[in-house]
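Trainee: The listed protein sequences correspond, in order, to chains A and B. Numbered per my numbering, the first sequence spans residues 1 to 193. Numbered per my numbering, the second sequence spans residues 1 to 55.
Just so you know, not all the hints are guaranteed correct.
Stated by the list, open to error - One-sided excerpt, in silico: chain B residues whose CB lies under 8 Å from chain A:
1) ALA5
2) ARG6
3) VAL7
4) ALA21
5) LEU24
6) VAL32
7) SER36
8) VAL37
9) LEU40
10) LEU43
11) VAL47
12) THR51
Derived by calculation from the structure, the hints in this document are not laboratory data. Just so it is clear, CB atoms sit at the ideal spot from N, CA and C, and this is done for glycine as well.
Listed here are the chains, written in short residue letters.
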Amino acid sequence: MVGQIGPLVQVGRKNTALALHVLGGVVGGATTGVVLGFAGLLLLAALGDTLDTVFAIVVPVALLYAASIDLGLLPIRQITSERQTPGAWPCALGHYPGIFSWGFDLGIGVTTRIPYQSLLVLPLAATLSGNLPTAVAIMAVYGASRAVAVVAAVSAAGEDFAAACDAIQTRVMPLKRVVGATALVIAALIVIS
Amino acid sequence: MARTARVGGLVALAGAFGLVAAMLAGNADPSVGVPSVFVLVSLSLVVGLSTAASP
Numbered sequence: 001m002v003g004q005i006g007p008l009v010q011v012g013r014k015n016t017a018l019a020l021h022v023l024g025g026v027v028g029g030a031t032t033g034v035v036l037g038f039a040g041l042l043l044l045a046a047l048g049d050t051l052d053t054v055f056a057i058v059v060p061v062a063l064l065y066a067a068s069i070d071l072g073l074l075p076i077r078q079i080t081s082e083r084q085t086p087g088a089w090p091c092a093l094g095h096y097p098g099i100f101s102w103g104f105d106l107g108i109g110v111t112t113r114i115p116y117q118s119l120l121v122l123p124l125a126a127t128l129s130g131n132l133p134t135a136v137a138i139m140a141v142y143g144a145s146r147a148v149a150v151v152a153a154v155s156a157a158g159e160d161f162a163a164a165c166d167a168i169q170t171r172v173m174p175l176k177r178v179v180g181a182t183a184l185v186i187a188a189l190i191v192i193s
Numbered sequence: 001m002a003r004t005a006r007v008g009g010l011v012a013l014a015g016a017f018g019l020v021a022a023m024l025a026g027n028a029d030p031s032v033g034v035p036s037v038f039v040l041v042s043l044s045l046v047v048g049l050s051t052a053a054s055p
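Next up, chain B with everything else stripped away, as it sits in the complex (with noise of 0.2 Å):
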């Protein structure tokens, strides 16, 4: 239980980090738009976590 809750925590905090540098490359007025920036980010997240077994 107490891991579970540990992984999620880490995958909350990957998220939140996620989230923030997404609000900031918005911020910075993309020409491509910032819901591509936020999406392309939750790309990164998810392919990223996925990726724990890789050399």
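Extracted from the complex, chain A is given alone in its bound form (with noise of 0.2 Å):
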């Protein structure tokens, strides 16, 4: 994604491209959010308060699964989309329509490629909140900051994004770990609390 939106916010006015792609992340979270809220919602009305003792099981267990994996605890094959956000989104819908879509296909989590086993427990644990605000939180907060982390990444690159790329590239198995350690801090949180 730095490779592709890098160049592209090159021409046109930089900052509004790259705030077009945070809302588009926000707005692609939070309506993930809201359609699993109402999910949510409806398995509250049907379970009542037995959901509150689902959530406290399914969650962490789900959270201690996908720790495992991404910090390769557990060699299975790991659940992913091949799916990538279209690069003719530019041409197709215009140069700041395109960057906002990005930003919306990326923010709503599960139809991109899925780098961290962990993204998968973010939906679960927005159905299982059984909460409406709750479960948009989770998601447009998800869809802000990887928004926000695509920008930080290009305007760290200065003009040389190919290298940017590279240096991205060395971090993903230091920063799977890290995500797996995280949801193991928050699985054991969730059961504290």
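If you follow the hints, you should be able to join the two separate chains into one complex; please do so.
Mentor: Take a look at the structure:
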């Protein structure tokens, strides 16, 4: 994404393009959150207070499972999608709408490649929370922070986006372990709380 | 130096957005508890910020 969006923001107003990308991420994440939030409300209506028990058991177990894969402790095939954001969108939709749509697509969370298995726990937790604002907060923050990460990488790259992509690739495994370790801590905190 | 400050500012901005979102969600009285909302939003933040390389 950095390699694609980086050269594009050199055309036109850079800050506007990057702000639209972040806005797209927030809207994409919030959209997923609204859908999952309503699904959670349906579950709450069906299960009542039992949903809290389901949340307290399923979410920590899912985090433990995902963290084990992200940390490399469980060498099993990862659940992922091979789809990538279409590179033609800025041509097909226009410059700024294309950049917004990239943010939206990535912000949805599950329509493109899933780099960390811990990511899959977010929509699960959003649904099982049985609360619309909670689901929107979880997914919108994911969409926003994912878009901000792209903006930060583009900002730090200067003009050399290929080198920035290489630098990011060298950090994928350490980042995966950071995400896995964080998922473990979050699982423990949910059990304690 | 300026680039580091800019990246740090962006990450801080994402953190502030997460904090506000978690506070707003916490005010909606979630049955899973406010602490769970905060820790899950924190996980969203960490996973999202770690995903710049993904297409």
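Trainee: With a cut-off of 8 Å on the beta carbons, see whether B:VAL7 makes it to chain A.
Mentor: 5 Å, holds
Trainee: Just to be careful: measuring from the Cβ of B:LEU43 to every Cβ in chain A, is the smallest value less than 8 Å?
Mentor: 5 Å, holds
Trainee: Return the status of the interface hint for B:VAL37: holds when the least beta-carbon distance to chain A is below 8 Å, violated otherwise.
Mentor: Since the shortest Cβ distance to chain A is 5 Å, the answer is holds.
Trainee: Please check whether B:ALA21 passes as an interface residue: C-beta within 8 Å of a C-beta belonging to chain A.
Mentor: 4 Å, holds
Trainee: Verify the interface restraint on B:THR51: the C-beta must sit less than 8 Å from at least one C-beta of chain A.
Mentor: 5 Å, holds
Trainee: Identify whether the interface hint at B:ALA5 stands, where standing means a beta carbon of chain A within less than 8 Å of its own.
Mentor: 10 Å, violated
Trainee: Per the CB criterion, is B:VAL47 less than 8 Å away from chain A?
Mentor: 5 Å, holds
Trainee: A closest beta-carbon separation below 8 Å is what the hint needs, so does B:LEU40 meet it against chain A?
Mentor: 5 Å, holds
Trainee: Using 8 Å as the Cβ threshold, decide whether B:SER36 counts as touching chain A.
Mentor: Given a least distance of 6 Å, the restraint on B:SER36 holds.
Trainee: Taking the closest Cβ pair, is B:LEU24 under 8 Å from chain A?
Mentor: B:LEU24 check passes; min Cβ-Cβ to chain A is 6 Å, inside 8 Å.
Trainee: B:ARG6 was flagged as interface toward chain A. Is the shortest Cβ-Cβ separation under 8 Å?
Mentor: Result: holds, 5 Å to nearest chain A Cβ.
Trainee: May I ask you to test the interface hint for B:VAL32 with respect to chain A, counting a Cβ-Cβ separation under 8 Å as satisfied?
Mentor: 5 Å, holds
In this structure, only the earlier hint numbered 1 is contradicted, and the remaining ones agree with it.
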